[in-house]
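Each chain is listed here by its residues.
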Amino acid sequence: MELFKKILIANRGEIAVRVIRACKELGIKTVAVYSDVEKESLHVRLADEAICIGPASSAQSYLNIPGILSAAEVTDSEAVHPGYGFLSENPHFAEACATSGITFIGPTPENIRVGGDKAKARQVMKRRGIPVVPGSDGPVSSEEMVMKVAKKIGFPVIIKASAGGGGRGMRIVKEESGLEQAFYMAQREALAAFGNGELYVEQYIPEMRHIEVQIAADSKGNTVHFGERDCSIQRRHQKLIEEAPSPISTEKFRKKIGELAVKAARAIKYRNVGTMEFIVDTAGNIYFMEINTRIQVEHPVTEMVSGVDLIKEQIKLAAGALIEYKQHQIKFHGHAIECRINAEDPDRFIPHPGKITFLSLPGGPGVRVDTAAYSGWTVPSHYDSLIAKLVVHGVNRQEAISKMTRALDEFIIEGIKTTIPFHRKVFSHPDFVNGEFNTGFVDRINGSGKPGSTGEETQ
Amino acid sequence: MELDDLKGLIELLKDTDITEVQIEKDGNKVKIRREKRLSSIELTKPVVVHEKPAAEPAEDIQKLVTVTSPIVGTFYRSSSPDSDAFVQTGTSVKKGQVLCIIEAMKLMNEIESEVEGVIVRILVENGHSVEYGEPLFLIEPVQ
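So the sequence lines, in the order shown, correspond to chains W and D. Under the working numbering, think of the first position of the first sequence as 1, with each following residue one higher. Under the working numbering, think of the first position of the second sequence as 1, with each following residue one higher.
Honestly, the hints are just simulated from the structure, not real lab data. One or more of the hints may lead you astray.
[Unchecked claim] As a list, the in silico SDA-like pairs of lysine to any residue whose alpha-carbon atoms are at most 25 Å apart:
#1 W/K255 / W/E180
#2 W/K120 / W/Q238
#3 D/K106 / W/P55
#4 W/K256 / W/S142
#5 W/K39 / D/K14
#6 W/K355 / W/K417
#7 D/K106 / W/S58
#8 W/K417 / W/P353
#9 W/K39 / D/R34
#10 D/K14 / D/Q62
#11 W/K152 / W/E180
#12 D/K106 / W/D76
#13 W/K417 / W/P346
#14 D/K106 / W/A96
#15 W/K6 / D/H128
#16 W/K6 / D/K106
#17 W/K151 / W/D281
#18 D/K106 / D/V120
#19 W/K126 / W/T103
#20 D/K31 / W/G376
#21 D/K106 / D/P81
#22 D/K106 / W/K326
#23 W/K39 / D/T66
#24 D/K106 / W/E78
#25 W/K6 / W/T357
#26 W/K326 / W/P346
#27 W/K6 / D/P81
#28 W/K256 / W/E180
#29 D/K106 / W/E95
#30 W/K29 / D/Q62
#31 D/K63 / W/D36
#32 D/K14 / W/T357
#33 D/K106 / W/P109
#34 W/K6 / D/G133
#35 W/K39 / D/V142
#36 W/K29 / D/G127
#37 W/K269 / W/P346
#38 W/K5 / W/E49
Make the full structure from the sequences, and use the hints.
Right under this line is the structure:
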C-alpha cells in the first residue's frame, strides 16, 4: 500500500533519530525541525531536509504549532510524527494537522483528549467493567471531597493531577492531618505545570508494580497487544529502567493483562499505537491506571521481544494499513531490558548538560543503543536530560542482566556526568537480579535524599 | 614562527581537506590538527530548505543590519502578485516600514524594519521558503 512520501518529525533527540530511521527503511523522505541551538544535532544531520523553526525555548520551537505546521507546508510533508512529549499528546495539534490536511501519526484527537484527562479515563474504564485503582469517581474539587473518598477507601491516598504526568501535581496523604496541605500543594503544582489544577484521588499502593501493555489498533478497530513491560524502577515517578516481559509475568498473567488492555483500547475506540498502564499489587490484582496516547520512550524493549517495529507500525497504521495478523500470531522471545541514560549526576540526579568530549557505545550481540549523542556534541540545557537508551536482549532475564552489566561497563561518556553508575548499582543489586522490586526500589537503594526535596515523600 | 605566519597557515588549511600538518622551520616545530566530529562516516548534509547565498566581500558586513525571519514560511516581496515590491535595493526605509510578507499557514505576516536606513541587499528570492532566523535583508542604517 502507498505510504507517505514525506514525513516531518516534530521532535528532537533520540526519538527523532528513531523515527528518521524507520522512515528511511520505508523509503519515506524525512524533514527535521530544530531550534536555533540544535543545528549540529544528529537528527538534523540524518534527515533529508531540515528547517529551523525557532529559538531555543521549547515553547517557541518544538511546541510551536504554527511554526511546525508552516514547516510541513513549505516542505510539502504529508504527515507529521510527533514522537513523545512535546506535542504528541496535544489534541489541538492533532486537530490542527487534520485541518491543514496533514496526517498526524498517532491516535485521534478524541483519544488524546480522553488520555489526557486521567480522571475521565478512569471513569470511562470503570463504567466498562475494567478494574481501576480504587479512588474518586471523577475529579475532586475540594479537600472535603478528598476526605470523603479517603474515608471510603482508607488512607494512605494519593492526590493526582488530571492533566498531569512525570510525577508532578502528585501528593501522598498518609493521614487526615496532611490532607489540606497536600491538596493545595498538588493543585498549585498542577496549575503551574499543566495549566490545569483539576485533581483526582486514588488509593496509594506503596508496594506496587507498574506494568503497562503495548497495544495497536487499525481504522477498523482491530486491536492487538504486544505484551507487557514492567516499569517499576522509577524515581519520583520518572521511569529509569524498563523490561519485557515483567519478572512476575506468566503466560496466564500476560493473557489476562493483555486482554484487559485490548478491552480498554476498544472502550475508547483507540486508534494507532498506544499503551495501557496498570498497577499490580502484591496479591497480583491488576488495576487500570492511565492511557498513554503516544509512542513511549521504552518501546524498544517490546520491539526486542516481539520482533515488531513499532514506529513502522505507527506509520503504516496512519497511512490506513490494516492489522492483518491475529493476536495468537504475536510471539514473544527472550527478555529485554532498557536503561535510560540521562545527563545527570548519578547520585542526586541533578541535570548536567555540557559537551561530550568522548563517546564510545557498547555493542555486540543483543545490544542496542538509541541515542542522538556523538563525540563532540554539546547536550543542550533547554530540553530533557535523556541522552541515550541502552537496550539489551537475552534468551532469558539472567542473560539480559549479564549483557546489560557488560554493556554498561563498555559505555564510555566523558565530559558530562551521566546516570550510568546508578544503573551499574541497580544491576548488581540482589533484589533487582531476583526480580523482587517495586516502585519503592530506587528510593531504597539510593536513599530518599533528593535535591530540592520538599520534605514530603513523593511516590 | 611568527603569529602572522601561523594565522596565514591556518587560513590556508581551512579550505582544504587536510586534517593534520607538521612544519619544522629554524628548529621550531608546529603541528596543526583539525578536530573532526563523527569521523570516518560520511554523512550527507541535509538539504537546508533554502540555499543561503554567500555575502560578497565588497560589503562591510559589520556596519549592516541583518533582518532575519521570525517565522517559518514563504517569502514574498509584494503584497500580491500584481503589486510592486515593497522595497528594492537602494530603497530608503523608515523604522516600522513593511519590507516583505512571510506567509505561514495562509496568514500573511508583514515584516517590518527595525531601523531607519537603506536596503543594501535582498537575500531571498520571491516565493522561496524561509526558516526561523534566515537572513532576509541587509540594511545600512543611517548614523
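In rising order, the numbers of the hints this structure does not comply with: As far as the earlier hints go, 1, 4, 18, 19, 22, 25, 26, 27, 28, 30, 35, 37 are violated by this structure, in ascending order.
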